[in-house]
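First to last, the sequence lines map onto chains A and B. In terms of the numbering used here, the first sequence opens at residue 1 and continues consecutively. In terms of the numbering used here, the second sequence opens at residue 1 and continues consecutively.
The hints are simulated quantities; they were obtained by calculation from the structure and are not laboratory data. It is possible that some hints are incorrect.
Okay, the calculated beta carbon distance ranges per label pair [as the list claims (entries may be wrong)]: (1) B:Arg-71 <-> A:Ala-91: 27 to 35 Å; (2) A:Leu-100 <-> B:Ser-9: 47 to 55 Å; (3) A:Met-8 <-> B:Asp-50: 22 to 30 Å; (4) B:Arg-62 <-> A:Asp-22: 19 to 27 Å; (5) B:Glu-24 <-> A:Met-8: 28 to 36 Å; (6) B:Gly-72 <-> A:Asp-22: 26 to 34 Å; (7) A:Ile-95 <-> B:Arg-93: 45 to 53 Å; (8) A:Ser-26 <-> B:Thr-133: 33 to 41 Å; (9) B:Arg-93 <-> A:Leu-100: 55 to 63 Å; (10) A:Glu-7 <-> B:Asp-90: 33 to 41 Å; (11) B:Lys-94 <-> A:Asn-125: 21 to 29 Å; (12) B:Asn-86 <-> A:Leu-100: 27 to 35 Å.
Straight line, CA to CA, 25 Å or less: simulated SDA-like cross-link-like pairs of lysine to any residue [stated by the list, open to error]: (13) B:Lys-175 <-> B:Lys-94; (14) B:Lys-178 <-> A:Val-48; (15) B:Lys-89 <-> B:Trp-70; (16) B:Lys-94 <-> A:Ile-5; (17) B:Lys-89 <-> A:Ser-26; (18) B:Lys-178 <-> A:Arg-73; (19) B:Lys-175 <-> A:Ser-20; (20) B:Lys-94 <-> A:Ala-66; (21) B:Lys-175 <-> A:Ile-5; (22) B:Lys-178 <-> A:Cys-34; (23) B:Lys-96 <-> B:Ala-151; (24) B:Lys-175 <-> A:Ala-66; (25) B:Lys-178 <-> A:Ala-66; (26) B:Lys-89 <-> B:Val-157; (27) B:Lys-94 <-> B:Glu-119; (28) B:Lys-89 <-> A:Asp-42; (29) B:Lys-175 <-> B:Ala-120; (30) B:Lys-175 <-> A:Arg-45.
Glycine included, C-beta positions come from ideal geometry on N, C-alpha and C.
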Amino acid sequence: MSGTIHEMLQDRMPEVARGSADWDPSETAHLAGCAECRAEWDLIRAAVGVGEGVEREFDVPASVRAVSERLRRHRPLHRRPAVRTLVGLAAAAAIAIVFLRPVVPTPTAPAATAARFLPELDSLNVEELTLLAEAIEPPLAETPLGDDPALTDLDSTQLTRVLRSLEG
Amino acid sequence: MPLPAEPTSPSDHDLVAAWRSGDERAAARLVERHAPAIARFLYSSGAVRDELDDLVQETMFRAFRRLDSWRGDAGLRSWLFSIAGNLLKDEARKRKGRTVLSLADHDAPSHTGPDHELEADEARERIRAGLLTLPRLQREVFLRRVQLGEAYDAIAVALGTTPGAARVHYHQAVKRLKELVR
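The shape of chain A in the complex, shown without the other chains:
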């Protein structure tokens, strides 16, 4: 018995049994003359069939429905496309309001300013609004109406923007 062909046969038995490959003539001849390899070949051929009926009869549509429904119920808010878009807009609005608003206070409330960028706020439910609020930077969410940061509170980037807005 050739050790090499014996091992090669053993390694190839699963793919031949599954129909992905065929025996070549030397392998066929070895199988015909090797009782040990034939016993293993019979085992692997039978093992490939274990559970075939289960796979064939599995109720796929029911599984699709059940999994889809469960995913819908548990889908994280941040994965919903509409919420992702709104969070992005909110973040952009927050940056614009913090860095681009003039030093002289205006009567426009930050919340109202934000609302002009986010007309869809009315369509959001409580959970979605909460997520949106958390995405808005603290300076927008917490700054009381009418408070203006002192120039000494601004960093160099913010000061540069203020200067540009004054100088035009």
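Assemble the complex: chain A is given as a structure, and chain B must be docked to it using the hints.
Just chain B, lined up with the frame of chain A:
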């Protein structure tokens, strides 16, 4: 007139990317594609037939929740088999001491077909019973080779071992099953 080219099915990578972008239909397609094979793997690993639907659904649900951790280097089905195997282990732990495999729970439908078909069905059932006596690692290596057609390198990555060790586990499983089903 040449026939129009058949539309190719989207790959698992494409469907996963679509799901990550919010396409719920991609999830349905992934379930359609992989659920039957997962059911077969779970059954071959000892799951009770009546519980297969729930186990498969839980496997797919867990997979979708963790899809960000699928790096794509291993095949998706291989990754799903890992989740299914761990789920079965969790279930077995919960049932400590209670039998997982029912003696009446078998794959072969009752039929009056030719004797050789009956013998083949009985052989498969003996092998399934034998698989349940194997250590988990040997059983999983064997099933991945035989049912999934995975190479030893891929099996090693999936199960956290080496290709050489996977080969040894496979041959140990074969030797043990040959003794049991003789």
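Structure-based check of all given hints:
For the pair B:Arg-71 and A:Ala-91, the supplied restraint of 27 to 35 Å holds, since their beta-carbon distance comes to about 29 Å. Taking 47 to 55 Å as the suggested C-beta distance range, the pair A:Leu-100 and B:Ser-9 conforms, at roughly 49 Å. At about 42 Å, the CB distance of A:Met-8 to B:Asp-50 disagrees with the hint of 22 to 30 Å. In this structure the hint that B:Arg-62 and A:Asp-22 lie 19 to 27 Å apart at CB is violated, the actual value being about 38 Å.
Distance hint for B:Glu-24 and A:Met-8: a CB-CB separation of about 47 Å, inconsistent with the stated range 28 to 36 Å. Taking the beta carbon of each, B:Gly-72 and A:Asp-22 are about 31 Å apart, inside 26 to 34 Å as hinted. Distance hint for A:Ile-95 and B:Arg-93: a CB-CB separation of about 50 Å, consistent with the stated range 45 to 53 Å. At roughly 35 Å, the beta-carbon separation of A:Ser-26 and B:Thr-133 lies within the given 33 to 41 Å, and the hint holds.
Remark: the range hint 55 to 63 Å for B:Arg-93 to A:Leu-100 is upheld by a beta-carbon distance near 58 Å. At about 37 Å, the beta-carbon gap between A:Glu-7 and B:Asp-90 stays in the expected band of 33 to 41 Å. Distance hint check for B:Lys-94 and A:Asn-125: the Cβ-Cβ separation is about 36 Å, which falls outside the suggested range of 21 to 29 Å. Roughly 52 Å separates the CB atoms of B:Asn-86 and A:Leu-100, a value that falls outside the hinted 27 to 35 Å.
Of the supplied pair hints, the one linking B:Lys-175 and B:Lys-94 is violated, its CA atoms being roughly 31 Å apart against a limit of 25 Å. At roughly 14 Å between alpha-carbon atoms, B:Lys-178 and A:Val-48 fall within 25 Å of each other, so this suggested pair holds. Restraint check: the Cα-Cα separation between B:Lys-89 and B:Trp-70 comes to about 21 Å, which is no more than 25 Å; the hinted pair holds. Between B:Lys-94 and A:Ile-5 the CA atoms are separated by roughly 45 Å; this puts the pair beyond 25 Å, and the hint is violated.
Distance hint between B:Lys-89 and A:Ser-26 is unfulfilled; the C-alpha atoms sit about 42 Å from each other, more than 25 Å. Annotation: proposed proximity of B:Lys-178 to A:Arg-73 is violated, straight-line Cα distance about 47 Å (limit 25 Å). Of the supplied pair hints, the one linking B:Lys-175 and A:Ser-20 holds, its CA atoms being roughly 24 Å apart against a limit of 25 Å. Using a Cα cut-off of 25 Å, the hinted pair B:Lys-94 and A:Ala-66 holds, with the two alpha carbons roughly 24 Å apart.
About 18 Å separates the Cα atoms of B:Lys-175 and A:Ile-5, which keeps this hinted pair within 25 Å; it holds. For the hint linking B:Lys-178 to A:Cys-34, the alpha-carbon distance of about 15 Å falls within 25 Å, and the restraint holds. Our distance criterion of 25 Å between C-alpha atoms is broken by B:Lys-96 and B:Ala-151, whose separation comes to about 33 Å. Only pairs whose Cα atoms come within 25 Å are accepted, and B:Lys-175 paired with A:Ala-66 is rejected, the gap being roughly 40 Å.
The suggested pairing of B:Lys-178 with A:Ala-66 is violated, with an alpha-carbon distance near 40 Å, which exceeds 25 Å. Restraint check: the Cα-Cα separation between B:Lys-89 and B:Val-157 comes to about 19 Å, which is no more than 25 Å; the hinted pair holds. With a C-alpha separation of about 35 Å, the suggested pairing of B:Lys-94 with B:Glu-119 is violated against the 25 Å cut-off. Using a Cα cut-off of 25 Å, the hinted pair B:Lys-89 and A:Asp-42 is violated, with the two alpha carbons roughly 29 Å apart.
Simply put, B:Lys-175 and B:Ala-120 have alpha-carbon atoms about 20 Å apart, close enough for the 25 Å limit, and the pair holds. Of the pairs offered as hints, the one joining B:Lys-175 and A:Arg-45 holds, with about 15 Å between alpha carbons and a cut-off of 25 Å not exceeded.
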